[in-house]
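Those sequence lines, one after another, are chains A and B.
According to my numbering, the first sequence is numbered sequentially starting from 1.
According to my numbering, the second sequence is numbered sequentially starting from 1001.
Because the hints were derived from the structure by calculation, they are not lab data.
Treat the hints with caution; some may be incorrect.
Below are the DSS-like pairs computed for lysine-lysine, each with C-alpha atoms no more than 25 Å apart in a straight line [claimed, not checked]:
hint, chain 1, residue 1, chain 2, residue 2
1, A, K287, B, K1164
2, A, K393, B, K1199
3, A, K308, B, K1199
4, A, K278, A, K308
5, B, K1060, A, K197
6, A, K162, B, K1185
7, A, K185, A, K162
8, A, K185, A, K197
9, A, K332, B, K1156
10, A, K68, A, K311
11, A, K393, A, K162
12, A, K393, B, K1185
13, A, K68, A, K308
14, A, K200, B, K1164
15, A, K278, A, K200
16, A, K162, B, K1199
17, B, K1164, A, K278
18, B, K1156, B, K1099
19, A, K197, A, K162
20, B, K1028, A, K220
21, A, K278, B, K1099
22, A, K287, B, K1185
23, A, K331, A, K162
24, B, K1099, A, K287
25, B, K1167, B, K1156
26, A, K200, B, K1028
27, A, K287, B, K1167
28, A, K162, A, K287
29, A, K393, B, K1099
30, A, K331, A, K220
31, A, K287, A, K393
32, B, K1028, A, K278
33, B, K1164, A, K162
34, B, K1185, A, K331
35, B, K1028, A, K185
36, B, K1156, B, K1060
37, B, K1199, B, K1060
Bear in mind the structure is a predicted one, so any value in this text is a computation, not a measurement.
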Amino acid sequence: MSPPNDPSRRRFLKTSAIGGLTLVAGAGVGEAMAAGADNLPPNVPEWMKTLGPGVTANPYGNPSPYEKNTIRRNVPWLTATEESSINFTPLHELDGIITPSGLCFERHHGGVPDIDPEQHRLMIHGLVDRPLIFTMADLMRFPSVSRIHFLECPANGGMEWKGAQMAGVQFSHGMVHCCEWTGVKLSTLLAEAGVQKSAKWILAEGADAAAMTRSIPLAKAMDDIIVCYSQNGERIRPENGYPLRLLVPGWEGNVNIKWLRRIKVGDQPWHHREETSKYTDLMPDGKARQFTFVQEANSVITSPCPEKPLKHGKGFYEIRGLAWSGYGRIKKVDVSTDGGMNWRTAELQGPVLSRCLTRFRLPLQWDGRPMLLQSRATDDSGYVQPSIENLRKARGLNSIYHKNSIHTWRVRPDGEVENVQIA
Amino acid sequence: MFRSLKILAILLALGLALPVAAQDKPAKRFGFGTPATTEQIAGWNIDVRGPDGAGLPPGKGSVAAGEELFMAQCAACHGEFAEGAGRYPELIGGRGTLKSDDPRKTIDSYWPHGPSLYDYIYRAMPFGAPQSLTHDEVYSIVAWLLNQGDLWPADKDLDAASLKALKLPNRDGFITGGDPRPDVKPDTCMTNCRTAPPKITSDLAARLGVTPTQQKAAD
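Chain A on its own, in the form it takes in the complex (with noise of 0.2 Å):
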């Protein structure tokens, strides 16, 4: 606290004079709520009545108490305990293309590992020249990279491949977010460390309970990971992989290992248990597909959705939504708002960023009538979001990830909006 003669101290005083009964009254915030239209024209709100907290009383922020509904939310009948599980990203209450830190969706297999960064390494071996052992202290020595770029499970989407399933979008799409990641690129790990001619793939072990591990062609290595300490310009989040993880552009979001300890290079994969048991894709003749890495393009309209209806009856409205792909840059979003008859482009936000979440808005005049409303993602490699027919008729039911169709919403008359599919 400042002392008596401080400065700013006196012109505290000062100020609180001038507000002077409130303060010492101290009416609260709630009673002032309370009362409500107290706080509207013609009226003076209660809150430029009294002077706020200072600069000391929040040292780190938190979002205001009136966004407590914007959180991550888990859906408890999916998996037996919460240290393997995930929640999910609020989508529909966000704007922009960044997630903020705190609201990226978690998926973890053993919770989330308490690190002391002085006390982390990663040691990088195998078919290398030099094995070496790297301090977190190392690894921000070398040459840093930013990139922003969305991150994805493959199981999003995943409970809706045989039916609309999850009465929100915050469930049917919420586990993907998009963040600026900064680290060191791997390919400039690898090059310290010396890869021997041999090498084809490379081995990334986490230092959480499930020593969670994933094989990666060793040319993604040498192309675009990222070994990451920062996430959206601090240092990153506990539960999204503090002090080290990989960044896999584009890939499958269990690839990007979390707390990563350890890299083995070596000449095959390793067809671990997350890479045959999980994260496979069975077809419907009984055979898995192993190893489908991209997180193909993707879209979905984040308002309306069934958590934010169409409140206001009939007039103006914004379509907006948020598109990615794992292939490279969004070129094109459609909306309909009749199931597919008929398609208009919408407007991409810039900037229009490889492997990033891209955001879209369409205006609508609702004339009060039900819609079926769907977007369709484009990417710059000409690859087309596919309707929920025709990837079912390419992969089945069964295979549980890499879900990606057109989405659809149903928005009745009253303005409610529910997840349906159509045909």
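Given chain A's structure and the hints, the job is docking chain B onto it.
What follows is chain B alone, placed relative to chain A:
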């Protein structure tokens, strides 16, 4: 800058520029990090490769010992017959269901490689106490699990060589020759795209009651 003269010597031998000399051009190598010793690597090098069992440690285990261990450390979650308890995964059973409406993915129905089972149990199980089992204990548990799936005789010990030699039923069940996607033809139609009006095929989501409500989740 270079912690070991040997690395420096190698650098010079390769004719690589030193970072200091390079000024603004980044060097190929920076000399950051420390060499990992054999001992350090051994402590962390726990991975076992599925197809060829590379990395399987020495040791062996029996079905009988595995049964005892499984009942004490695994059955609470995975059931006494590895059939799964509650929502915890079943580990054995469901062979022949992969083409059905309700495919069951277990060690004997889905897993392609025995050594991966060793790898996973050692690194991640029992849930909450990973890397606490000895090598012999893991071999024993794997032997018991395989025996539950009629894939291993009750009276035979399991070791690295025999686990490598074992072929799980779904060994050839995976398509590994590269990602076959995109596997859906692009449809870019903009107007009059349907021959028939859309038909709702599924609209239960609002009534199923499986979605947590906003209020509940905020509590």
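Results of checking the hints against the structure:
Between K287 (chain A) and K1164 (chain B) the CA atoms are separated by roughly 23 Å; this keeps the pair inside 25 Å, and the hint holds. Proximity of K393 (chain A) to K1199 (chain B) is assessed by CA-CA distance (about 17 Å); at most 25 Å being required, the pair is judged to hold. Using a Cα cut-off of 25 Å, the hinted pair K308 (chain A) and K1199 (chain B) holds, with the two alpha carbons roughly 24 Å apart. This hinted pair does not check out: K278 (chain A) and K308 (chain A) have alpha carbons roughly 34 Å apart, beyond 25 Å.
Proposed proximity of K1060 (chain B) and K197 (chain A) is contradicted: the alpha carbons are some 35 Å apart, above 25 Å. Distance hint between K162 (chain A) and K1185 (chain B) is fulfilled; the C-alpha atoms sit about 21 Å from each other, no more than 25 Å. Restraint check: the Cα-Cα separation between K185 (chain A) and K162 (chain A) comes to about 40 Å, which exceeds 25 Å; the hinted pair is violated. Restraint check for K185 (chain A) and K197 (chain A): the C-alpha separation of about 20 Å stays at or below 25 Å, so the hint holds.
The hinted pair formed by K332 (chain A) and K1156 (chain B) fails the criterion: a straight-line CA distance of about 62 Å is larger than 25 Å. For a cut-off of 25 Å, the pair hint linking K68 (chain A) to K311 (chain A) stands: about 21 Å separates their Cα positions. The hinted pair formed by K393 (chain A) and K162 (chain A) meets the criterion: a straight-line CA distance of about 12 Å does not exceed 25 Å. Pair hint K393 (chain A) plus K1185 (chain B) holds up; C-alpha atoms about 11 Å apart against a cutoff of 25 Å.
Between K68 (chain A) and K308 (chain A), the direct Cα distance comes to roughly 16 Å. Compliance with the 25 Å bound is thereby established for this hinted pair. Distance restraint check for K200 (chain A) and K1164 (chain B): the Cα-Cα separation of roughly 22 Å lies within the 25 Å cut-off, and the hinted pair is therefore satisfied. Restraint check for K278 (chain A) and K200 (chain A): the C-alpha separation of about 22 Å stays at or below 25 Å, so the hint holds. Between K162 (chain A) and K1199 (chain B), the direct Cα distance comes to roughly 16 Å. Compliance with the 25 Å bound is thereby established for this hinted pair.
A hinted pair counts as satisfied when its Cα atoms are at most 25 Å apart, and K1164 (chain B) with K278 (chain A) qualifies at roughly 21 Å. A threshold of 25 Å between alpha carbons decides the hint, and for K1156 (chain B) with K1099 (chain B) the separation of about 33 Å lies outside it, so the pair is violated. This hinted pair does not check out: K197 (chain A) and K162 (chain A) have alpha carbons roughly 46 Å apart, beyond 25 Å. Taking the CA atoms of K1028 (chain B) and K220 (chain A), the gap is about 19 Å. The hint holds against a cut of 25 Å.
For a cut-off of 25 Å, the pair hint linking K278 (chain A) to K1099 (chain B) stands: about 17 Å separates their Cα positions. Simply put, K287 (chain A) and K1185 (chain B) have alpha-carbon atoms about 22 Å apart, close enough for the 25 Å limit, and the pair holds. Proximity of K331 (chain A) to K162 (chain A) is assessed by CA-CA distance (about 29 Å); at most 25 Å being required, the pair is judged violated. Taking the CA atoms of K1099 (chain B) and K287 (chain A), the gap is about 8 Å. The hint holds against a cut of 25 Å.
Note on K1167 (chain B) and K1156 (chain B): the hinted pairing holds, with a Cα-Cα distance of about 16 Å set against a maximum of 25 Å. With a C-alpha separation of about 21 Å, the suggested pairing of K200 (chain A) with K1028 (chain B) holds against the 25 Å cut-off. Taking the CA atoms of K287 (chain A) and K1167 (chain B), the gap is about 17 Å. The hint holds against a cut of 25 Å. The suggested pairing of K162 (chain A) with K287 (chain A) holds, with an alpha-carbon distance near 19 Å, which does not exceed 25 Å.
Under the criterion of a C-alpha separation no larger than 25 Å, the hint pairing K393 (chain A) with K1099 (chain B) is consistent with the structure, at around 15 Å. Restraint check for K331 (chain A) and K220 (chain A): the C-alpha separation of about 23 Å stays at or below 25 Å, so the hint holds. Restraint check: the Cα-Cα separation between K287 (chain A) and K393 (chain A) comes to about 15 Å, which is no more than 25 Å; the hinted pair holds. Among the hinted pairs, K1028 (chain B) with K278 (chain A) is inconsistent with the structure: their alpha-carbon atoms are about 38 Å apart, more than 25 Å.
Distance check on the hinted pair: K1164 (chain B) and K162 (chain A) sit about 38 Å apart at the alpha-carbon level, beyond 25 Å; violated. Taking the CA atoms of K1185 (chain B) and K331 (chain A), the gap is about 17 Å. The hint holds against a cut of 25 Å. For a cut-off of 25 Å, the pair hint linking K1028 (chain B) to K185 (chain A) stands: about 13 Å separates their Cα positions. Distance hint between K1156 (chain B) and K1060 (chain B) is fulfilled; the C-alpha atoms sit about 10 Å from each other, no more than 25 Å.
About 60 Å separates the Cα atoms of K1199 (chain B) and K1060 (chain B), which puts this hinted pair outside 25 Å; it is violated.
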